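K.L.:
Under mature numbering (1 follows the signal peptide of the UniProt record, and there is no 0), the residues of the sequence shown are numbered -18 to -1, 1 to 412, in order.
Mixed in with the good hints there might be a few duds.
[To be verified] Within a straight-line C-alpha distance of at most 27 Å, the following computed DSS-like cross-link-like pairs (lysine-lysine) qualify: (1) K320 to K345; (2) K400 to K349; (3) K254 to K201; (4) K114 to K201; (5) K11 to K201; (6) K114 to K129; (7) K59 to K81; (8) K254 to K214; (9) K372 to K81; (10) K320 to K254; (11) K114 to K81; (12) K254 to K129; (13) K320 to K346; (14) K81 to K11; (15) K114 to K59; (16) K254 to K11; (17) K105 to K129; (18) K214 to K201; (19) K81 to K105; (20) K372 to K346; (21) K240 to K254; (22) K349 to K320; (23) K217 to K201; (24) K122 to K105; (25) K240 to K214.
[What the hints assert, rightly or not] What follows is a list of derived Cβ distance ranges for each label pair: (26) S331 to P303: 21 to 27 Å; (27) K201 to G283: 23 to 29 Å; (28) S325 to D107: 49 to 55 Å; (29) P303 to H167: 46 to 52 Å.
Please keep in mind that the hints were generated in silico from the structure rather than gathered at the bench. Computed from a prediction, not measured in an experiment: that's the story for all the values here. Beta carbons are placed, not taken as given, at the ideal position from N, Cα and C, and that holds for glycine.
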Amino acid sequence: MGHLGVLLFLLGGLGALADICEIPQVDSKLVERLGQRLLPWMDWLSLEHLNPSIYVGLRLSSLQAGAREAFYLHILKLSYQRSLLGLTFNDDNSDYQDKPSMGQLALYLLALRANCELVEGRKGDRLVSQLKRFLEDEKKAIGHNNKGQPHTSYYQYGLGILALCVHQKRLHDSVVGKLLYAVEHEQHLHQGHLSVDTVAMAGLAFTCLEYSNLNPNRKHQITRAIENIREKILKAQTPEGYFGNVYSTPLALQLLMKSSMPGVELGTACLKARAALLASVQDGAFQNALMISQLLPVLNGKSYVDLISPDCEAPRVMLEPVVETPSPPQEVIRVVLKVPSVSPPYINSISVPAGSSLEDVLKKAQKLRGFMYGTQNTLSGPFLTSVMGKESGEREFWQLLRAPDTPLLQGIAEYTPKDGETIELRLATW
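Input sequences plus hints: build the corresponding full structure.
P.N.:
So this is what it looks like as structure tokens:
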């Protein structure tokens, strides 16, 4: 081969690489520090705090928690099976009386698959039937004319389809069809903007269905939907490199890593996203267990779709707990808390130690009297449901903003206000 031939061969190879989304290896110490942030969450063992996503994230990562990880799966099984199989408990075990949501059940099925287990037998059939019932109820809520909305979200709808798919459980074409319609008519996935994590989850579900060929009658529609979603995600890349925002980028990369798009600079877009994510990790942006558990697989070149055929023998590095060192006395900061959506409007300056979360600010405001709030535990942490006695209604939510008008990307447990900031709690619609 002449010099020109060699050059053309190399250029062709580079062009092929540009079509593929690959994440180069990341500094192992950075990944380890990220994984260590999950360890304290594994000590919360009540049903309302159990998060199957933590187990899934670890199993798809380059890290392991050894006996702690195995015990966490044991508690997950005990808690979810007792709750879902309808056993009764005394008041001391009241946590079990609330059944998991559709999203929690779907993540639990992913956790079982991450341990190379397939749901089968009487107990397994009941878990599958429960998740299928959830999806059927959501399908009815959307309606035959697709004018309605799911009771939960299209994100959880896609997650439910993905969970059943990795266990090779077929869903009726009509259930899959609702998600296909929502992707095609993208206004169903908007809250004023494209929800990248929602379409990415739908894309992961469709990719699993495409690989598994569980719905052959929908094969061509599924392929078109995946292509459509990839294009939407790439168009949503910000100048900084994020797909949507920092927290939707890991799921977007999970999907794009399973993609090949001839003629598209996919590799460049993914490298740019990787650089933005690593900068955010170093800045401490990833504190939430759910977000960390979605990022760890990406840094190991894995995605939820790999749970179709998980590698449970892959070597993983043991995580060592971080030894806490006494922190010096913290300075006191002042945060202004505003609630204009109630009558009379609430505004007050709250003093808290530097480094406090927004949840700490709300707790201090409630302790001072004149302010009250309510939350609901979710897999993403506490979700604000009421402020000053005013509950969020259907298609409403309490939006968190930093004055004058910047929406917060983190929840109340993760966001750390700075001295002098004004935080507004605003009742918004979607």
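K.L.:
List, from low to high, the hint numbers that the structure doesn't satisfy.
P.N.:
3, 5, 10, 12, 14, 17, 26
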